[in-house]
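There are 2 protein chains.
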Amino acid sequence: MKVLIIGAHGKIGQIVSKKMSESSEYEPTAFIRKSEQIPFFENLNIPTVVASLEDSVETLSKDIKGYDAIVFTAGSGGKTGDDKTLEIDLDGAVKTMIAAEKTGITRYVMVSAAYADERSKWDATGIKPYYIAKHFADKTLKDSKLQYTIVRPVTLTDEPGEGTVGLKSIVDSLEKEISREDVADVILNSLKEPNTIRKVIEISAGDTPIEKVVKSA
Amino acid sequence: MKVLIIGAHGKIGQIVSKKMSESSEYEPTAFIRKSEQIPFFENLNIPTVVASLEDSVETLSKDIKGYDAIVFTAGSGGKTGDDKTLEIDLDGAVKTMIAAEKTGITRYVMVSAAYADERSKWDATGIKPYYIAKHFADKTLKDSKLQYTIVRPVTLTDEPGEGTVGLKSIVDSLEKEISREDVADVILNSLKEPNTIRKVIEISAGDTPIEKVVKSA
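Note that the protein sequences, when read in sequence, are chains E and F. Just so we're aligned: 236 in this note's numbering is position 215 of the first sequence, and the numbers increase by one with no gaps anywhere. Just so we're aligned: 52 in this note's numbering is position 31 of the second sequence, and the numbers increase by one with no gaps anywhere.
The set of hints was computed from the structure by calculation and includes no laboratory data. Keep in mind that a hint or two might mislead.
For chains that are exact copies, the list does not tell them apart, and a pair is met inside one copy or across any two.
Claimed, not checked - Listed below are the simulated EDC-like cross-link pairs for lysine to aspartate or glutamate, each with C-alpha atoms no more than 20 Å apart in a straight line:
| id | residue 1 | residue 2 |
| --- | --- | --- |
| 1 | 233 | 138 |
| 2 | 220 | 232 |
| 3 | 142 | 75 |
| 4 | 236 | 183 |
| 5 | 83 | 122 |
| 6 | 160 | 138 |
| 7 | 83 | 180 |
| 8 | 123 | 198 |
| 9 | 149 | 104 |
| 10 | 149 | 79 |
| 11 | 160 | 122 |
| 12 | 100 | 75 |
| 13 | 149 | 76 |
| 14 | 105 | 46 |
| 15 | 105 | 139 |
| 16 | 123 | 138 |
| 17 | 160 | 198 |
| 18 | 142 | 79 |
| 19 | 142 | 76 |
All chains should be modelled from the sequences, with the hints used to inform the complete structure.
Encoded structure:
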């Protein structure tokens, strides 16, 4: 499966890239923003596309063409202003959806955030603009014709993965955490599991093997 | 027709309020953000609702209930950050759409901006985040069940209205202007003209009487 990882140099993107490079089931390509990020992927034998989510749909369509699936794990991050939250997390993401539809890519895995549909929780997060952007990017994806999976983890940690997670239906607080490695494994497993198509999967740390979680999502 | 004007103290909102107060066809109510804005509407004999677009959908539903139509002409403006562009122009607007659907208001006139669907023009405007917010607010409105009219003027001026406008199909540059008073008249006329329902009307200064423009929109 040829997968384009958009935001491959981000924290989750790096783990997804590494895991895919170690598996015979995926042929990953890294969509990255800066050429100085290339060596990381050369070391993993992963080809790169250096491009920007601020490019036009037409330009992005050329970058995106020919893959079986897209994993979107890009984000403007906390160091830039909310202009970039609008331009990258919202409109940048939506432009890749339009480009995917135009170029015939149907499978699209979006890394979102738990509570992206629950406005009442946004104020307490301290990053309300980010949640608004994610909410509307996800909404656009749900309204599209793409075979999406929207993965919504709770607060992320850099702890090693456990190979098990829990569905958010059993999580009741924003404080609950999940490791980025487990999120990466949910992404890889979702790509292989048709049951996750057109589903939103809200996950936290938990006891259920990831293969089982994606099968019952 | 009982109309709630959201953003009634804005430049277009004030003109809409004044025109409605002078007509027997409308019963306007002003949705405003600050109590010091009340006297302006008292002078026009227009009742006010002081509330915030940062409130929850539940709270907004109570404020919004009972009107025949909503005119949304609020905006966070250029003096606040892009966090407010996300919170007011995008999510604030969408919350009023959800509240309208919940409370049975079907008619919704949105004041948007020309080129809100043309990404290639956004960079040149210098206010790209605003265009992204308006684009997604409009998209949400178009995807809703509301009987919307989306009015998209080109660059606004404070010149007196001419009573005539042109449809944007004949406009080819962002430099072209239109007076806020003419935009206000397009709003009032749209509310009376069923032909404008589920339409996007892009307008500039022009020679066609406004009644005729809304009939052929």
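Checked hints:
Within a single copy, residue 233 and residue 138 get their C-alpha atoms no closer than 25 Å, and across copies no closer than 42 Å, so neither meets the 20 Å cut-off. In this assembly of identical chains, the alpha carbons of residue 220 and residue 232 lie at most 20 Å apart only when taken from the same copy (15 Å versus 47 Å across copies). Taking the closest pair of Cα atoms, residue 142 and residue 75 come within 20 Å of each other only across two copies (13 Å); inside a single copy the shortest separation is 29 Å, beyond that limit. Taking CA atoms no more than 20 Å apart as the test, residue 236 paired with residue 183 passes inside one copy only; the shortest distance there is 18 Å, against 63 Å between copies.
Proximity of residue 83 to residue 122 under the C-alpha cut-off of 20 Å is restricted to the intra-copy arrangement: shortest distance 12 Å within a copy versus 40 Å between copies. In this assembly of identical chains, the alpha carbons of residue 160 and residue 138 lie at most 20 Å apart whether taken from the same copy (9 Å) or from different copies (17 Å). For a Cα distance limit of 20 Å, the shortest separation of residue 83 from residue 180 qualifies neither inside one copy, at 37 Å, nor across copies, at 45 Å. In this assembly of identical chains, residue 123 and residue 198 lie within 20 Å of each other by CA distance neither inside one copy nor across copies; the values are 37 Å within and 34 Å between.
For the identical chains of this complex, residue 149 and residue 104 are neighbours both inside a copy (13 Å) and across copies (8 Å), given an alpha-carbon limit of 20 Å. Taking the shortest Cα distances, residue 149 and residue 79 sit within 20 Å of each other only across copies (18 Å), while inside one copy they are farther apart (31 Å). Both within a single protomer and between protomers do residue 160 and residue 122 lie at most 20 Å apart by alpha-carbon distance, with minima of 16 Å and 17 Å respectively. For a Cα distance limit of 20 Å, the shortest separation of residue 100 from residue 75 inside one copy, 17 Å, qualifies, whereas the shortest one across copies, 24 Å, does not.
In this assembly of identical chains, residue 149 and residue 76 lie within 20 Å of each other by CA distance solely across copies; the values are 13 Å between and 25 Å within a copy. When the C-alpha separation of residue 105 and residue 46 is checked against a cutoff of 20 Å, the pair qualifies neither within a copy, at 34 Å, nor between copies, at 44 Å. Proximity of residue 105 to residue 139 under the C-alpha cut-off of 20 Å is restricted to the inter-copy arrangement: shortest distance 19 Å between copies versus 22 Å within a copy. In this homomeric assembly, residue 123 and residue 138 come within 20 Å of each other (Cα to Cα) only across copies, at 17 Å, whereas the closest approach inside a single copy is 27 Å.
In this homomeric assembly, residue 160 and residue 198 never come within 20 Å of each other (Cα to Cα): the closest approach is 24 Å inside a single copy and 34 Å across copies. For a Cα distance limit of 20 Å, the shortest separation of residue 142 from residue 79 across copies, 14 Å, qualifies, whereas the shortest one inside one copy, 36 Å, does not. For the homomeric pair residue 142 and residue 76, the shortest alpha-carbon distance between copies (13 Å) is at most 20 Å, but the shortest distance inside one copy (32 Å) is not.
Of the numbered hints stated above, those contradicted by the structure are hints 1, 7, 8, 14, 17, listed in ascending order.
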